[in-house]
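Visitor: One letter stands for each residue in the lines below.
2 protein chains.
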Amino acid sequence: MRILILGGDGYLGWPTALRFSARGHEVAVVDNFNRRRWVEGAGSNSLTPIADLDTRIATWEELSGKRIAAHVGPIEDGDFIDGVVAEFLPDAVVHYGQQASAPYSMISRQTAVETQYANTIGNLNLLFALRDHVPEAHLVKLGTMGEYGQPNIDIEEGYIEISHKGRSDRLPYPKLPGSLYHCSKVHDSTNIHFACRTWGLRATDLNQGVVYGIETEETVSDERLITRFDYDEMFGTVLNRFCVQAVIGHPLTVYGEGHQTRSFLNIRDTLACVEIAALNPADAGEFRVFNQFTEQFSVMELAELVKEAGAHLGYEVEIRHYDNPRVEKEEHYYNAVNSNLLDLGLEPRLLGEELVESILGILDRYKERAAEGAIDPRTRWNPGRPTAAQA
Amino acid sequence: MRILILGGDGYLGWPTALRFSARGHEVAVVDNFNRRRWVEGAGSNSLTPIADLDTRIATWEELSGKRIAAHVGPIEDGDFIDGVVAEFLPDAVVHYGQQASAPYSMISRQTAVETQYANTIGNLNLLFALRDHVPEAHLVKLGTMGEYGQPNIDIEEGYIEISHKGRSDRLPYPKLPGSLYHCSKVHDSTNIHFACRTWGLRATDLNQGVVYGIETEETVSDERLITRFDYDEMFGTVLNRFCVQAVIGHPLTVYGEGHQTRSFLNIRDTLACVEIAALNPADAGEFRVFNQFTEQFSVMELAELVKEAGAHLGYEVEIRHYDNPRVEKEEHYYNAVNSNLLDLGLEPRLLGEELVESILGILDRYKERAAEGAIDPRTRWNPGRPTAAQA
Numbered sequence: 000m001r002i003l004i005l006g007g008d009g010y011l012g013w014p015t016a017l018r019f020s021a022r023g024h025e026v027a028v029v030d031n032f033n034r035r036r037w038v039e040g041a042g043s044n045s046l047t048p049i050a051d052l053d054t055r056i057a058t059w060e061e062l063s064g065k066r067i068a069a070h071v072g073p074i075e076d077g078d079f080i081d082g083v084v085a086e087f088l089p090d091a092v093v094h095y096g097q098q099a100s101a102p103y104s105m106i107s108r109q110t111a112v113e114t115q116y117a118n119t120i121g122n123l124n125l126l127f128a129l130r131d132h133v134p135e136a137h138l139v140k141l142g143t144m145g146e147y148g149q150p151n152i153d154i155e156e157g158y159i160e161i162s163h164k165g166r167s168d169r170l171p172y173p174k175l176p177g178s179l180y181h182c183s184k185v186h187d188s189t190n191i192h193f194a195c196r197t198w199g200l201r202a203t204d205l206n207q208g209v210v211y212g213i214e215t216e217e218t219v220s221d222e223r224l225i226t227r228f229d230y231d232e233m234f235g236t237v238l239n240r241f242c243v244q245a246v247i248g249h250p251l252t253v254y255g256e257g258h259q260t261r262s263f264l265n266i267r268d269t270l271a272c273v274e275i276a277a278l279n280p281a282d283a284g285e286f287r288v289f290n291q292f293t294e295q296f297s298v299m300e301l302a303e304l305v306k307e308a309g310a311h312l313g314y315e316v317e318i319r320h321y322d323n324p325r326v327e328k329e330e331h332y333y334n335a336v337n338s339n340l341l342d343l344g345l346e347p348r349l350l351g352e353e354l355v356e357s358i359l360g361i362l363d364r365y366k367e368r369a370a371e372g373a374i375d376p377r378t379r380w381n382p383g384r385p386t387a388a389q390a
Numbered sequence: 000m001r002i003l004i005l006g007g008d009g010y011l012g013w014p015t016a017l018r019f020s021a022r023g024h025e026v027a028v029v030d031n032f033n034r035r036r037w038v039e040g041a042g043s044n045s046l047t048p049i050a051d052l053d054t055r056i057a058t059w060e061e062l063s064g065k066r067i068a069a070h071v072g073p074i075e076d077g078d079f080i081d082g083v084v085a086e087f088l089p090d091a092v093v094h095y096g097q098q099a100s101a102p103y104s105m106i107s108r109q110t111a112v113e114t115q116y117a118n119t120i121g122n123l124n125l126l127f128a129l130r131d132h133v134p135e136a137h138l139v140k141l142g143t144m145g146e147y148g149q150p151n152i153d154i155e156e157g158y159i160e161i162s163h164k165g166r167s168d169r170l171p172y173p174k175l176p177g178s179l180y181h182c183s184k185v186h187d188s189t190n191i192h193f194a195c196r197t198w199g200l201r202a203t204d205l206n207q208g209v210v211y212g213i214e215t216e217e218t219v220s221d222e223r224l225i226t227r228f229d230y231d232e233m234f235g236t237v238l239n240r241f242c243v244q245a246v247i248g249h250p251l252t253v254y255g256e257g258h259q260t261r262s263f264l265n266i267r268d269t270l271a272c273v274e275i276a277a278l279n280p281a282d283a284g285e286f287r288v289f290n291q292f293t294e295q296f297s298v299m300e301l302a303e304l305v306k307e308a309g310a311h312l313g314y315e316v317e318i319r320h321y322d323n324p325r326v327e328k329e330e331h332y333y334n335a336v337n338s339n340l341l342d343l344g345l346e347p348r349l350l351g352e353e354l355v356e357s358i359l360g361i362l363d364r365y366k367e368r369a370a371e372g373a374i375d376p377r378t379r380w381n382p383g384r385p386t387a388a389q390a
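Chains A and B, in that order, are what the protein sequence lines are.
Residue numbers are given in numbering that gives the first Met the number 0: position 262 of the first sequence equals residue 261, and the series is strictly consecutive.
Residue numbers are given in numbering that gives the first Met the number 0: position 227 of the second sequence equals residue 226, and the series is strictly consecutive.
Since the hints were made in silico from the structure, they are not lab data.
Computed from a prediction, not measured in an experiment: that's the story for all the values here.
Ideal Cβ positions, reconstructed from N, Cα and C, are used throughout, including at glycine.
Please note that a few of the clues may not be correct.
What the hints assert, rightly or not - Across the chosen pairs, the derived CB separations fall in these ranges:
1) B/D322 with A/G82: 52 to 62 Å
2) A/D53 with B/N334: 23 to 33 Å
3) B/R169 with A/E285: 53 to 63 Å
4) A/S107 with B/F32: 51 to 61 Å
5) B/L341 with A/E285: 35 to 45 Å
6) B/N151 with A/V336: 42 to 52 Å
7) A/R368 with B/N151: 48 to 58 Å
8) A/D322 with B/R166: 51 to 61 Å
9) A/R169 with B/V336: 19 to 29 Å
10) B/D51 with A/Y158: 23 to 33 Å
11) A/G165 with B/G248: 12 to 22 Å
Let the hints inform the model, and build the full structure from the sequences given.
Guide: Here it is, written out as structure tokens:
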């Protein structure tokens with residue numbers, strides 16, 4: 000297959016490119032390096048010393064003999080992404096190319112607009128490019144479990160059968176997104192669903208849980224292939240953040256009571272899920288939704304797990320409760336269905352102490368690189384009315 | 000009250016401004032005249048000879064002694080709308096300031112992006128301005144019944160109680176928007192709901208049906224106050240289009256069989272609804288949704304009504320079926336709830352032959368202005384793959 004990966008320089012995009020390339024697919028990546036810039040702008044960095052994209056691609060070619068094509072540019076530029084799609088004529092597009100940080104989207108009007116513009120307009124440009132050049136191609140779009148929020152009923156996969164006043168219909172599952180970033184992903188789902196209904200495009204929306212982990216089958220073969228690893232309050236996801244905090248001796252930053260429950264998966268399972276989706280495309284006109292996670296945990300369960308794993312390796316890990324900077328429920332019902340990917344053959348790698356210990360061991364090599372000032376939570380969901388001086 | 004009206008130069012915005020001003024409220028309007036430009040760009044015009052905004056405002060002051068303030072600029076410019084809100088400090092904002100044509104949003108990637116950018120980013124800028132300067136103000140946002148699409152169950156007002164696997168919750172009503180314009184309104188609802196939950200803003204989303212009619216209590220007093228009246232395939236709504244077609248002797252352009260059922264209301268009822276909403280604000284943190292329509296009709300029912308009313312006035316009206324340029328169901332269940340506004344006191348003006356005859360009588364005065372070339376449907380929802388020459 001010819002597979003185009005948007006966001007192919009990122010935490011998940013780069014390992015995904017390697018995975019498909021290793022399996023013999025023809026791979027091209029698109030990126031504009033915004034993630035690198037945003038993280039630098041937040042006073043942070045990738046804990047892992049990532050090579051630039053050219054070096055990554057050259058290294059992979061040296062090791063595997065396989066060539067990955069690169070297109071550098073923003074998908075918000077409709078002519079750019081139209082040109083890439085028209086030239087490469089992909090069979091599948093895996094779309095990770097978005098601003099993916101909830102806190103970043105909540106800093107200010109400017110970052111909120113930047114997020115919704117980059118994500119929603121970029122995705123809309125992509126839909127037109129697919130319609131006009133490869134209407135049979137399969138869009139594999141990364142969504143997020145955070146689109147659903149925490150409803151008081153079980154979370155189904157994208158749709159729910161509703162019986163109401165003696166009639167019934169299968170309708171899009173209602174969404175309660177938890178940040179303006181999550182709102183942008185809901186917008187994308189709405190637009191993609193419309194494009195499938197109206198233009199007959201085929202798409203799979205992977206509503207992904209929180210990803211953790213660092214190594215994949217291909218990235219371990221050479222340090223120049225290592226993927227990025229974010230740990231700051233803005234771009235680090237919770238378990239990855241906790242792991243870095245443990246190895247550098249920073250208290251684990253639990254927001255509020257830590258009873259918030261979310262869904263999680265290993266980075267290796269992300270790659271397996273994306274591959275399963277790509278190899279089993281949606282039908283023409285079908286907007287298919289998979290909930291892409293393997294397990295559910297509360298934040299405190301993760302903190303306790305990291306504390307115990309850390310203790311075995313000789314780290315003294317403190318768990319500290321911070322005033323919750325987010326507006327979110329700390330006590331809530333949470334139960335999500337995830338059978339679609341399991342039915343297609345996903346074999347989950349479950350989280351345990353051993354796995355956390357292995358992550359801590361890898362991170363220990365790079366702990367001197369950590370920018371400790373970027374770790375404590377500062378981005379407040381509701382900053383209140385600005386003071387006269389700020390206004 | 001201090002009432003800020005976005006889109007205050009438009010079909011509904013201008014009469015709304017007059018209405019609130021006549022009732023003694025302090026009114027300011029915002030517009031960037033994009034609607035005038037878009038309609039011109041489509042090779043059409045307002046059938047009514049509308050004055051420019053300065054003349055309208057001067058005329059109103061001359062007649063009523065009341066001054067309406069005007070701010071000219073695009074709300075996509077966050078600093079502009081922030082400045083207007085900070086200066087005027089409204090108690091309520093009535094937001095009509097959007098690209099409101101479904102066909103326009105479906106012409107091309109460029110018009111689709113323009114629509115979603117203007118609507119979603121403009122509205123997002125407004126939410127930040129409210130948060131930062133007037134968090135107690137009430138946002139009255141014009142949504143559309145078209146956000147719901149045509150589900151096989153009754154359409155409730157914004158939310159639905161769902162029982163599922165032994166639990167239940169009241170969740171946002173699922174949406175099946177019918178164009179990229181309608182998608183943009185769904186995006187707005189998602190963002191506004193989030194802002195209410197997170198920042199405690201108060202908002203009412205008026206999911207409006209298709210508006211018809213031309214005169215309101217205030218616009219009839221002087222021809223310089225007349226509101227715009229669109230009739231082209233892009234910016235004209237169905238009943239208004241049919242009325243112009245009848246007086247100029249053009250066949251009524253029924254798309255497909257014409258069994259599509261939609262909800263409708265008189266322009267005078269739009270003003271009554273917006274006033275009711277403004278005088279009964281939502282609670283802090285509440286995202287309230289009203290379905291703003293008074294009756295449901297199929298397209299063929301409207302065509303027959305116009306044909307009969309026309310016959311009484313001596314017009315020979317032909318009903319013609321055109322290949323449907325839209326991707327939509329022509330046979331479907333449709334039943335929507337609209338009790339919230341009725342409960343607050345709305346007294347509907349129902350559609351009948353007499354009313355249509357009165358509209359035809361007014362339009363007859365201006366029929367020489369009609370650009371007949373802009374009437375037939377050309378904008379296709381699914382244009383198919385471009386030919387080599389177009390690509």
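Visitor: Each hint should be assessed against the structure and marked as holding or not.
Guide: Hint check results:
no. : hint                           : verdict
1   : B/D322 with A/G82: 52 to 62 Å  : violated (33 Å)
2   : A/D53 with B/N334: 23 to 33 Å  : violated (60 Å)
3   : B/R169 with A/E285: 53 to 63 Å : violated (30 Å)
4   : A/S107 with B/F32: 51 to 61 Å  : violated (29 Å)
5   : B/L341 with A/E285: 35 to 45 Å : holds (40 Å)
6   : B/N151 with A/V336: 42 to 52 Å : violated (22 Å)
7   : A/R368 with B/N151: 48 to 58 Å : holds (56 Å)
8   : A/D322 with B/R166: 51 to 61 Å : violated (31 Å)
9   : A/R169 with B/V336: 19 to 29 Å : holds (21 Å)
10  : B/D51 with A/Y158: 23 to 33 Å  : violated (49 Å)
11  : A/G165 with B/G248: 12 to 22 Å : violated (46 Å)
The earlier numbered hints that this structure contradicts are 1, 2, 3, 4, 6, 8, 10 and 11.
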